[in-house]
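Novice: Spelled out, the chains give:
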Amino acid sequence: MAFVVRRLAFYFVAAWVALTVNFFIPRAMPGSAVQDIMSKFPNLQPPAYKALEAMLGVGHPGSLWHQYTTYLDDVFHLNFGTDLIEYPAKVSTLLGQTIPWTLTLVGTATVIAFFLGTALGIIAGWRHGGWLDRVLPGLMFLQAIPYFFLALLLIDVLAINNHIFPIGQGYAGGLIPGWHWSFISSAIYHSLLPAFTIVITSVAGWMLQMRNVMITTIGEDYVLAAQAKGLPSRRVVFTYAARNAILPQLQGFGLALGFVVSGAIIMEIVFSYPGIGLLLLNAVTSNDYPLMQAIFLVITFTVLLANLIVDVVIVFVDPRVRAGAGA
Amino acid sequence: MVVATMSISADPLPPGDKRQRFALWKRLPTKAKVGAVLLGFFVLAAIIGPMVAPYDPSFQNPLPSLSMHPPNGSYLLGTTESGQDVLSQLLAGIRMTMELAVIVGAVATGLSVIVGVSAAFLGGVWDEVLSLVSNVFLVIPALPLLILLLGYLPQRGQTATILVLSLLGWPWGARVIRAQTLAIRNRDFIAASRETGEKTWRILFFEIVPNEVSLIAASFVNTVLYAIGASVALAFIGLADLTSWSLGTMLYWAEGQQALELGAWWWFAPPGIAVALMGASLVLLNTGIDELGNPRLRDASSASRIAGRRLRPTDPTPVLQTLREPRRALAFLHSFSRSSLLEARPPRSDKRSLQAMPIVARSGEQP
Numbered sequence: 001m002a003f004v005v006r007r008l009a010f011y012f013v014a015a016w017v018a019l020t021v022n023f024f025i026p027r028a029m030p031g032s033a034v035q036d037i038m039s040k041f042p043n044l045q046p047p048a049y050k051a052l053e054a055m056l057g058v059g060h061p062g063s064l065w066h067q068y069t070t071y072l073d074d075v076f077h078l079n080f081g082t083d084l085i086e087y088p089a090k091v092s093t094l095l096g097q098t099i100p101w102t103l104t105l106v107g108t109a110t111v112i113a114f115f116l117g118t119a120l121g122i123i124a125g126w127r128h129g130g131w132l133d134r135v136l137p138g139l140m141f142l143q144a145i146p147y148f149f150l151a152l153l154l155i156d157v158l159a160i161n162n163h164i165f166p167i168g169q170g171y172a173g174g175l176i177p178g179w180h181w182s183f184i185s186s187a188i189y190h191s192l193l194p195a196f197t198i199v200i201t202s203v204a205g206w207m208l209q210m211r212n213v214m215i216t217t218i219g220e221d222y223v224l225a226a227q228a229k230g231l232p233s234r235r236v237v238f239t240y241a242a243r244n245a246i247l248p249q250l251q252g253f254g255l256a257l258g259f260v261v262s263g264a265i266i267m268e269i270v271f272s273y274p275g276i277g278l279l280l281l282n283a284v285t286s287n288d289y290p291l292m293q294a295i296f297l298v299i300t301f302t303v304l305l306a307n308l309i310v311d312v313v314i315v316f317v318d319p320r321v322r323a324g325a326g327a
Numbered sequence: 001m002v003v004a005t006m007s008i009s010a011d012p013l014p015p016g017d018k019r020q021r022f023a024l025w026k027r028l029p030t031k032a033k034v035g036a037v038l039l040g041f042f043v044l045a046a047i048i049g050p051m052v053a054p055y056d057p058s059f060q061n062p063l064p065s066l067s068m069h070p071p072n073g074s075y076l077l078g079t080t081e082s083g084q085d086v087l088s089q090l091l092a093g094i095r096m097t098m099e100l101a102v103i104v105g106a107v108a109t110g111l112s113v114i115v116g117v118s119a120a121f122l123g124g125v126w127d128e129v130l131s132l133v134s135n136v137f138l139v140i141p142a143l144p145l146l147i148l149l150l151g152y153l154p155q156r157g158q159t160a161t162i163l164v165l166s167l168l169g170w171p172w173g174a175r176v177i178r179a180q181t182l183a184i185r186n187r188d189f190i191a192a193s194r195e196t197g198e199k200t201w202r203i204l205f206f207e208i209v210p211n212e213v214s215l216i217a218a219s220f221v222n223t224v225l226y227a228i229g230a231s232v233a234l235a236f237i238g239l240a241d242l243t244s245w246s247l248g249t250m251l252y253w254a255e256g257q258q259a260l261e262l263g264a265w266w267w268f269a270p271p272g273i274a275v276a277l278m279g280a281s282l283v284l285l286n287t288g289i290d291e292l293g294n295p296r297l298r299d300a301s302s303a304s305r306i307a308g309r310r311l312r313p314t315d316p317t318p319v320l321q322t323l324r325e326p327r328r329a330l331a332f333l334h335s336f337s338r339s340s341l342l343e344a345r346p347p348r349s350d351k352r353s354l355q356a357m358p359i360v361a362r363s364g365e366q367p
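Keeping their order, the protein sequence lines are chains V and G.
In this text, residue positions in the first sequence follow the working numbering: the first is 1, and each later residue adds one.
In this text, residue positions in the second sequence follow the working numbering: the first is 1, and each later residue adds one.
Same shape as in the complex, but just chain V:
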């Protein structure tokens, strides 16, 4: 329990740092930069202009401390202000439309990649030198390919030349989103290729890591002892070696999540997938600053939350943490 409380405190600090960085980035920019930004929106409605002023800290929005507390209060109430481009839409509305898409796609694909990579890593580590171990360099090449480039290649081969998958978008044009089968099946069909891309590019990382830990664990005395007393291989692999090797893997999961999410964001852009990555691209290209800031916060908070969940899982699988000994 103490472990979870300590991690909770850490994520609290991390969240606060993210919020504060987010607050100070526009204010730390040199004065001319803020003027540049303001001048990019000549046709802004007065309320939106005022919101922009408050966000960038120019004009007379009160003392810095006052701005800061107002900002924290707004974020706490999920009030990210009004969107500059699609005025008068609320930023939080735009986020609400896109988050489910990303969460479903990236979440599912990442979990699949993690389990698949871990399973393959167990096999590769156990059958050290076997065929799975020998294809590792090839997998490392896959890992080095940027997500979005692999996505481009897959689209070219599977969507443009062979028409097996749709080229992009989240669902077929003309469908109205809702809980009916034609929409859901179309959404699943459209998500297959993006999900496949995420799995392919991230599976090698999990696999390599699990393999390495697995090989080190297999060298431990207790594994040798288990073999020596004649336990069946299956039991030695899963109950003795993999059971212990998975702990560093889980801790790594939390840390690697940031990379995976970052890659997935870019990948969404290639697929024109209606998720938060595409929204971020649109925000960047149209200088939609409130939206950019809100998206940064949303992604960071989601990653922190996922980390917290992983920590709770670690408490369940690692008795040392439960006993309060490990860290």
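These are calculated hints, taken from the structure and not from any lab test.
All of these numbers come straight from a predicted model, not from anything done at the bench.
One should not assume that every hint holds.
[Stated by the list, open to error] Away from chain G, derived, C-beta distances all over 10 Å, residues of chain V:
| id | residue |
| --- | --- |
| 1 | M29 |
| 2 | W65 |
| 3 | S92 |
| 4 | W181 |
| 5 | L193 |
| 6 | N287 |
[Claimed, not checked] Here chain G is said to cover these stretches of chain V; the calculated rule only asks that three of the stretch's residues, wherever they fall, bring their Cβ under 8 Å from a Cβ of chain G:
| id | region |
| --- | --- |
| 7 | 9-18 |
| 8 | 71-80 |
| 9 | 152-162 |
| 10 | 258-272 |
| 11 | 303-311 |
Note that beta-carbon positions come from the ideal geometry of N, C-alpha and C, so glycine has one too.
Given the coordinates of chain V, assemble chain G onto it according to the supplied hints.
Specialist: Leaving out everything else, chain G in the frame of chain V:
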């Protein structure tokens, strides 16, 4: 290249002894060799590329027949929609991406050495604060923050990208180097130099840092990898100076002008493959060096077979085997073994990592 520096630091080879140098190269795992050769090729391309490029990468040939021309004799990689030579762009792009990645790697690794070493050496509140900061920045996803920072910058040129990437690229290295410094800090030779009255900064830079050269090199390789990936991704979504040629901006223009839909594979494939090969060469180099340090990770052909069905209770474990190897190999190897970056495993708690270091303690003593 990296390997050579490290071996010299571990035990300087007599100058001119080519046979020994060659022996070191031969001992490298195949993965590291392939990685080094591939990387050397890209370094060469980055250095002489713009000089041998057949055309100006920005020159737009107005001839309509040269728009999106497939590769032929005079345009080895074909042309873009506006008649620019893809090969020339590629060579300029490799130079620019490589330059950025190496600078970011150097700056960020420098930062991580400073943070990691001082956190571990100063201890106490400093350690708490510096570790907290690096852990926080590890857990905050980097790319959205990079996008936010670059989005606000008035100029998005090479310098801005280098600055922002370096600013966010140090936490991984700092974490690993801190763990290693904690392990070295209490060793006898540090205590000895403290007793002889050496100043703290001298102990830091002449006693501790040289003992971490191999780890720092690995951290550098990883940071370069991160810089390549991040800069290409940022340029791909348009957050870069789009008038200059890097591998990322090439992909940006190819995507933006529908190279994919129009079937111009020669336009979007080369920059992507170049990025992938550069990345793969670095990963291979790092994994290969890693295997040199941790023999258990090697291919079955070179490692003793300890896993699976081949296990025989009488087999000596590889750790014992390494202890029997000449000392030169050991001093070089073991600063890598347990805290490899590629394993992406957070270092265990300090108490434990101290316990886990007996091999280092034995091998690393100064002769």
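Novice: A separate judgement is required for each hint: does it hold in the structure or not?
Specialist: Each hint, compared with the structure:
The non-interface label for V/M29 is inconsistent with chain G: the shortest C-beta to C-beta separation is roughly 5 Å, within 10 Å. Even its closest Cβ contact with chain G, about 22 Å, leaves V/W65 beyond 10 Å, as expected for a residue assigned away from the interface. With a least CB separation of 17 Å from chain G, V/S92 remains clear of the 10 Å interface cut-off, as annotated. Residue-level check passed: V/W181 sits 31 Å from the nearest beta carbon of chain G, beyond 10 Å.
Every C-beta of chain G lies more than 10 Å from that of V/L193, the closest at about 14 Å, which supports listing it as non-interface. The claim that V/N287 lies off the interface is violated: its Cβ sits roughly 8 Å from the closest Cβ of chain G, which falls inside the 10 Å cut-off. Residue count for the region 9-18 of chain V with a Cβ under 8 Å from a Cβ of chain G: 6. That meets the three needed, and the coverage hint holds. Under a criterion of three residues with beta carbons nearer than 8 Å to beta carbons of chain G, the stated coverage of the region 71-80 of chain V fails, only 0 such residues being counted.
Only residues whose C-beta sits within less than 8 Å of a C-beta in chain G count toward coverage, and the region 152-162 of chain V has 5 of them, enough to reach three; the restraint holds. Taking a C-beta to C-beta cut-off of 8 Å, the region 258-272 of chain V contributes 9 residues in contact with chain G, enough for the three needed, and the coverage statement holds. For the region 303-311 of chain V, the stated coverage by chain G holds: 3 residues have a C-beta nearer than 8 Å to a C-beta of that chain, and at least 3 were required.
The structure shown violates the earlier hints numbered 1, 6 and 8.
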